[in-house]
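Colleague: Here is what each chain is made of, one letter per residue.
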Amino acid sequence: RKEVEQDPGPFNVPEGATVAFNCTYSNSASQSFFWYRQDCRKEPKLLMSVYSSGNEDGRFTAQLNRASQYISLLIRDSKLSDSATYLCAVNLRNQGGKLIFGQGTELSVKP
Amino acid sequence: DAGITQSPRHKVTETGTPVTLRCHQTENHRYMYWYRQDPGHGLRLIHYSYGVKDTDKGEVSDGYSVSRSKTEDFLLTLESATSSQTSVYFCAISESQSDTQYFGPGTRLTVL
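The listed protein sequences derive, respectively, from chains A and B.
Mapped onto this note's numbering, the consecutive letters of the first sequence carry residue numbers 1 to 111.
Mapped onto this note's numbering, the consecutive letters of the second sequence carry residue numbers 112 to 223.
Accuracy of the hints is not assured; some may be wrong.
[Unchecked claim] Simulated pairs of lysine to aspartate or glutamate, EDC-like, Cα-Cα distance not exceeding 20 Å:
1) A:K98 to B:D149
2) A:K98 to B:E125
3) A:K79 to A:E106
4) A:K2 to A:E56
5) B:K181 to B:E138
6) A:K45 to B:E138
7) A:K98 to B:E170
8) A:K79 to A:E15
9) B:K168 to A:E3
10) A:K45 to B:D167
11) B:K164 to B:E125
12) A:K2 to A:E106
13) A:K42 to A:E3
14) B:K168 to B:E138
15) A:K2 to B:E170
16) B:K168 to B:E206
17) A:K98 to B:D173
18) B:K181 to B:D165
19) A:K45 to B:D165
20) A:K42 to B:E190
21) B:K164 to B:D184
22) B:K164 to B:E138
23) A:K45 to B:E190
24) B:K164 to B:D149
25) A:K79 to A:D57
26) A:K110 to A:D39
27) A:K110 to A:D82
28) A:K79 to A:E56
29) A:K42 to A:D82
30) A:K2 to B:D184
31) A:K98 to B:D210
32) A:K42 to B:D149
33) B:K122 to B:E190
34) A:K98 to A:E3
35) A:K45 to A:D82
36) A:K98 to B:E190
37) A:K45 to A:E56
38) A:K79 to B:E206
No lab work stands behind these hints: they were computed from the structure.
Build out the structure end to end from the sequences listed, making use of the hints.
Modeller: Rendered as structure tokens:
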């Protein structure tokens, strides 16, 4: 079993749709959680850190469920510009800041 | 955007040749990382550094070595490149081990 798992998609949604991604992690020593966005042939860019209480940034909402060991990302009112690959990442406690990434979920927003 | 550059951005080389990739940062961050990204595997950590001359292995370190003689530079060396090392290589930096990591633009390496 991979340490961090995501549904690779692709998710094909119309503009304006709400889409949700989940990411499960297996190591209970996981300390910090992140969602990154990666455009084709570009570097990953931080979208949001994920906090225990959940956090929201505009149309994006991230949540953490430690008991079930998953994090989620909700995108409301999808835009064409949201088309990208979304990577979840988990930072393990006391391991030098190693980030373990999921394989990414591809999102395609259509007009 | 974080001040991270990578060089070269693209390289084609032949099997058996040595290759060195450079990551340079202007943020004075303590931690630096090298990842490779491959279809079906996602991003995987090769090596990381937690200070000048302080480095440690990641999950896919075989065939790679690193050096960090200055805070701002982190070098990744393939002593004898193989076709399995064809990949996109990303450098990342962070202030501490639990902080957000910021990525450089990547180096696309092809080993023929």
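Colleague: Going back to the hint list, which numbers does this structure go against?
Modeller: 2, 4, 10, 11, 13, 14, 19, 20, 23, 24, 30, 36, 38
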